[in-house]
Amino acid sequence: MKLLMKAALAAGLALSASQAYAQQTVKVGALYPFSGGLALLGDESFRGLEIAVEERNAAGGLNGKKIELVRGDAVDPNQAVGEARRLTSVDKVSVIFGTYSSSLALAATQVAQLAGVPYFELGAISDPITERGLKYVFRTNPTSKDFANRMVDSVIEAVAPALNVQPKDLKIGIIHEDSLYGQTVSSFQQARAKEKGLNVVETLPYSAKSVDLTPVILRLKSANVDVVLQTSYQNDTVLFFRQMKDQGFKPKAVIGAGGGYSTRDTAQAVGNENIEGALNVDFPQYRTNPQAAPGIDEFVKKYQAKYGIPPRSGHSLTNYMGANVFLDAMAASKDLKADSIREALLKVDIPMGKTATGWGVKFDEKGQNTRVSPFLMQWQGGELVTVFPPEAAVAKMKTGVGTN
Amino acid sequence: MDVLIQLLLNGILLGSMYAIISVGLTLIFGIVRVVNFAHGEFLMIGMYAVYLLGAHLGLNPYVSIVPVVILLFVFGALVQRFVIQPLLGADEHIQIFATVGLSTALVNLALLVFGADLYSLTVPSARQAVSAGGYTMLVGQIIMFACAVALVAGLHFFMQTTALGRAIRATAQNRNAALLMGVRVDRIYVITFGLGAACVGLASALLIPLYPVTPTIGTYFVLTAFVIVVLGGMRSIYGAFVGALIIGIVDSLSGYYIAPDLKEVVYFAIFILILIFKPTGLFGFGRGTE
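The listed protein sequences correspond, in order, to chains A and B.
Per our numbering, the very first residue in the first sequence carries number 7; after that it's consecutive.
Per our numbering, the very first residue in the second sequence carries number 6; after that it's consecutive.
Same shape as in the complex, but just chain A:
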């Protein structure tokens, strides 16, 4: 009898402990593509969030409450909608973090907005995500317009001074793959180039599935293009660099918009000596000056300790930085209601160069971070190193592309 009572007591204690535990956790959704074709970088993005949450929990959680991550696997936009519904209605998460891919983010944010759950975008770049006026959607990372502007501004601020010429004397060729990604970025580029009075001599869209870019290259060559701005995926980047060499086309600079320009696979397929000097505008990578990005080295160490390998791309860092901004705001908010969180987020004011990505934070009314800009990087000796802006640079920019 005594034993039974003891057991009952223990069970009662355990029950009350777990109830107390339940009150002490905050559920947050993590919506990323964890399987399917986007899984590699989806998972890489999630790792940044995971590290940020673990750090926070180790430091006592969110105002004493433990943060619990609930994963949602968004393989395609349909599934993103389904998983966003599950997170908001079944798991009843306080907020959702995501998403890596723009098409997934566009779909999932609608669901979260309807459910009145804040949605924090840490990686997708499509402009309309924050332009649709969804009240609880916030984004820390730059948009495709920021990418396009940085590419055009790089010609003026970095390439022209290095070549010792006036920016308007450089002949610029814009080439891009013709899906939504390339169309969006290139139309922003054209607008920015016009605004800045640059001389764009060719704008050539092509299919990312092209098996021959020789006509594109010959057009650029006949127009004596000095600087090529390319928005591309992986295969077309490889094809462009290979055929540029075959046709003996030697522009003074080539600037890519992330995508195919950022991966080591591209460099290997093209050959390090041929991609040498290619410029690339993208999220901050790891070869960035830690002075301008405080916390970047610590992040790399934590990542290495947790996963046993160095980070596979800059996505985890970008997600880590964004997650910290949002978790800080949630901690500062008076409660976890959507309106209180929004209020807290609009008060966030971090100057440039004070986060792990080197960005600052100031959200506009639409929820977009206005103190962000992608960095200009360059392939040098098989590594992608940051060359601009000067405070973030670890190497000096070189001119010319490839060996020929």
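Because the hints were derived from the structure by calculation, they are not lab data.
Idealized CB from N, CA, C, for every residue including glycine.
Just so you know, not all the hints are guaranteed correct.
On the chain B side, residues computed to face chain A include the following (Cβ under 10 Å) [stated by the list, open to error]: (1) Met142; (2) Asn179; (3) Tyr216.
So, partial list: chain B residues that the calculated Cβ filter (under 7 Å) puts toward chain A [stated by the list, open to error]: (4) Asp7; (5) Val8; (6) Leu13; (7) Asn15; (8) Ala95; (9) Glu97; (10) Leu123; (11) Ser125; (12) Pro129; (13) Ala137; (14) Ser257; (15) Gly260; (16) Tyr261; (17) Pro265.
Which bits of chain B does chain A cover? Going by a derived footprint, with three or more residues having C-beta under 8 Å, they are [unchecked claim]: (18) 26–37; (19) 223–236.
Keeping the supplied structure of chain A fixed, place chain B upon it in accordance with the hints.
Structure of chain B alone, referenced to chain A:
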């Protein structure tokens, strides 16, 4: 003028690449009469095979031609025997579903095994540029052109002079009559499908020095190949060859003189015009054949 000649050369070399793939598709689409949507994925398998042989055994892609052609022949024959043949009596669209399904399955299998990253084999000798009078070509492209011509000549010889070739032609002209003449039509189909796949095996070894391989590489080539096969008159091997050269040249010229993203519009317009004025294609057998 200089640019024009460079573009023409480039178009012919591009066309010879399409030719090898299209000749294979002609055998399958024109003779076995199966709309093989998995044709591009055969190419993908071939390219991974060449890559693996090169990366792990150090085989030069041009040496890998032999094992990969045999591998693809066997693979094609097995597909015909175990996937298509049970469906020969069924509606044509059922066969289409089967090949579409096979294509999707193969792409995803490749994604599972190799991931979405691209693999490439460095073959410096094939990427060597040859300059003649200011025009450049790659050694790999010239080899491709030579192989395309040899393939068409070889298949012509095979079809005209061997008993098996005659049986294949008879089957292509009229399946039932061939059956009545004692041709084992089912076996002819298995062999022809295998030959079609073997052509793709040849193409994959020739493509590796020029293009990196990814799970979706097949989709880059296969739609164009279908256009070429119909343009060439469905069952004609020379038709496919000439059609491929036309498409290659149109592709190259329109990409330069019109716009790179409109070149498909141009060659599909030419395609539609040819079908309007010569519905059986350039080298068709004429109306009334099966």
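Legend entry - 8 Å C-beta test of the segment 223–236 of chain B against chain A, three or more residues: Our answer is that it holds, as 3 residues pass the Cβ test (under 8 Å) against chain A, meeting three.
Inset, instruction - Using Cβ atoms only, decide whether Ser125(B) comes closer than 7 Å to chain A, and label the hint accordingly. - result: holds (4 Å)
Legend entry - Leu123(B) as chain A interface residue, shortest Cβ-Cβ below 7 Å: With Cβ-Cβ at 5 Å, under 7 Å, it holds.
Legend entry - Hint status (Cβ of Asp7(B) to nearest Cβ of chain A, threshold 7 Å): Given a least distance of 10 Å, the restraint on Asp7(B) is violated.
Legend entry - Satisfaction of the Ser257(B) interface hint, Cβ to chain A closer than 7 Å: Where the cut-off is 7 Å and the nearest Cβ of chain A is about 6 Å from Ser257(B), the hint holds.
Legend entry - Closest C-beta approach of Gly260(B) to chain A relative to 7 Å, hint status: holds (3 Å)
Legend entry - Hint status (Cβ of Val8(B) to nearest Cβ of chain A, threshold 7 Å): holds (6 Å)
Inset, instruction - Answer holds if the nearest beta-carbon of chain A is closer than 7 Å to that of Pro265(B); otherwise answer violated. - result: OK, holds: Pro265(B) within 7 Å of chain A, min 4 Å.
Legend entry - Restraint check, 10 Å cut-off on beta carbons, for Met142(B) near chain A: Constraint on Met142(B) satisfied, holds at 9 Å.
Inset, instruction - Classify the hint on Pro129(B) as holds or violated, based on whether any CB of chain A lies nearer than 7 Å to its CB. - result: violated (9 Å)
Legend entry - Per-residue hint verdict: Ala137(B), partner chain A, C-beta under 7 Å: With a minimum Cβ separation of about 14 Å from chain A (threshold 7 Å), the hint on Ala137(B) is violated.
Legend entry - Cut-off 7 Å, beta-carbon criterion: hint that Leu13(B) touches chain A: violated (11 Å)
In summary, the structure is inconsistent with hints 2, 4, 6, 8, 9, 12, 13, 18 from the numbered list given earlier, while agreeing with the others.
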